[in-house]
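S.K.: Read top to bottom, the protein sequences are chains C and G. Counting with the numbering used here, you get residues 107 to 375 for the letters of the first sequence. Counting with the numbering used here, you get residues -7 to 244 for the letters of the second sequence.
Read the hints as simulated data drawn from the structure, not as lab findings. Note that beta-carbon positions come from the ideal geometry of N, C-alpha and C, so glycine has one too. A couple of the hints might just be wrong.
Below are the DSS-like pairs computed for lysine-lysine, each with C-alpha atoms no more than 25 Å apart in a straight line [stated by the list, open to error]: (1) C/Lys287 with G/Lys161; (2) G/Lys122 with C/Lys275; (3) C/Lys287 with G/Lys68; (4) C/Lys275 with G/Lys59; (5) G/Lys116 with C/Lys287; (6) C/Lys364 with G/Lys122; (7) G/Lys168 with G/Lys21; (8) G/Lys102 with C/Lys278; (9) C/Lys278 with G/Lys214; (10) G/Lys102 with G/Lys116; (11) G/Lys68 with G/Lys222; (12) C/Lys275 with G/Lys68; (13) G/Lys161 with G/Lys122; (14) G/Lys116 with C/Lys364; (15) G/Lys161 with G/Lys116; (16) C/Lys287 with G/Lys122; (17) C/Lys278 with G/Lys161.
Pair by pair, the computed Cβ-Cβ distance ranges are [as the list claims (entries may be wrong)]: (18) G/Gln75 with C/Val353: 39 to 47 Å; (19) G/Gln101 with C/Val194: 32 to 40 Å; (20) C/Leu212 with G/Ala156: 52 to 60 Å; (21) C/Lys275 with G/Asn57: 17 to 25 Å.
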Amino acid sequence: MKGIFSTKHTMFKSNAMQFFTVFYSRLLMLIILAIIWQSLAWFINSADFPSLFNVADSFVYHFSQGDMLANISVTLGRVLISFIIAMVLGVVIGILMGCSDKVNELSDTLLIIALNIPALVTILLCYIWLGLVESAAITAVVINKIPTVVVMIREGARVVDEDLLAVAKVYKLSPSTTFFKIFLPQLYPYIMASARAGLSLIWKIVLVVELLGRSDGVGFALNTLFQFFDIAGIFAYTFAFIAVVLVIESLIFRPLDKRISRGIHNDSA
Amino acid sequence: MIALDIAIKDKCYGHSDTVVLKNINFSVKPGEFVAIIGPSGCGKSTLLNMLCGLEGSSEQTLLCNGKAINGNESHKLGYIFQQPRLMPWLTVQENLQLVLPVPKHETQQKQLDDLLDQVGLSGKGHYFPKQLSGGMQRRVAIARAFAVNPELILLDEPFNSLDAPTAAKLRLLLVKLCKSRGSTVIFVTHDLSEAVYLADRIIFMSNTPTTIIHQVDIDLPKPRQEAGSKELAWQAQLMAQHPQILAGKATF
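Could you build all of it, start to finish, from the sequences and the hints given here?
M.R.: Spelled out as structure tokens, the structure:
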């Protein structure tokens, strides 16, 4: 017992060491980037390439004086709604395609077409057909995202372990228990991967959607800043939104990842 | 108590025309421990899968207490597979609760604790399968099979690829659990001494297309000893009569 504790203690120590090494190397990388940026800004000395101080000033201005907070929350709302709809529909369609050869054969061509339609085309068509309304914006983003989710989940559903499903059959588990306790957990890594990839893709598409047809949100704000060639403002908005996405990543995705990958790694309990 | 009457005319593998099992006819008495021995790939696992309704054939009559087996029987069934087949994302405790009809019931919790104690895993309920050794994982699989209080237990070479002392311990555990439950057991193996130690009767199978080549009752008193003198003598006598029987060939 003592041996186990001391091994755990050593493991904890080495994990902590590893964390700090990674943290410091990441921080070092950021500092180097900042120095290069600042030097370039001094060297070029042009309004088109603002220094970090200008970006920081602009951030403070937009944050306190402008409507950065309102714009970011509007965009974030759109991102979350489209993300949830796209994930739910993508997971359902992906499971159906992965489990049934017939459904897969029928919808495979459609999937390839959907994957290759340019995001811009979907956005324009949605605005034309549904009008310049919120639902058109959400629909456009969802349509853009669903195919990528489907592709990933389909791969996961194809490699579901039949042996574990046989256990469910032998012990006569109910369909819902089989689905939620045996089938779905096998898809979690695929769902997580598509959620992570999804969030970054969705917020980029949302900005384009906002730029083209909404009168609020980060995309709209960037468009306005572009009209005034306010490069520092564009950078300030970009960094602010990246920061928000990073917070979502560390507050939602990482704990969720840890929760659903429990038991898969030796050190998870 | 479960009695089985098995009559398989032929069983092909998947959608192919290759016949795996041919003219397999035997009966199992209630509470009997039957071992099935046959060369690798002869379709022993397929037979077990047919007995629990995982696989079927149009040319079969499988009766359980006189009723046809279709996978929806009301009797309680425990199946210990070649691999433990535990859900890696569930703890030991949750893996056992999974197969219970009403999980998280208070009396069931006590039952599970007792069961974990019996398989020597008390206090390990919150561990994940990956944190356990291969032998421990098999013990969980055994506990899972016995958690449902099975009337019929199917075992598919459950002690394969384990070191000899661990396998011996688990065999002892199996004997104890089977005795306390009085279940009917069908045990697939390719290890004759294991079968002699555990079973009331051994059914020997041939290579594919697999048929039954020999059936023999083990008339040694229980409890038996692993590699005991009586058991070894019985084994030697059988091997003298049928030297090729483990390779799927009987001599008469």
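S.K.: Against the structure shown, which of the earlier numbered hints fail to hold, in ascending order?
M.R.: 1, 9, 11 and 17
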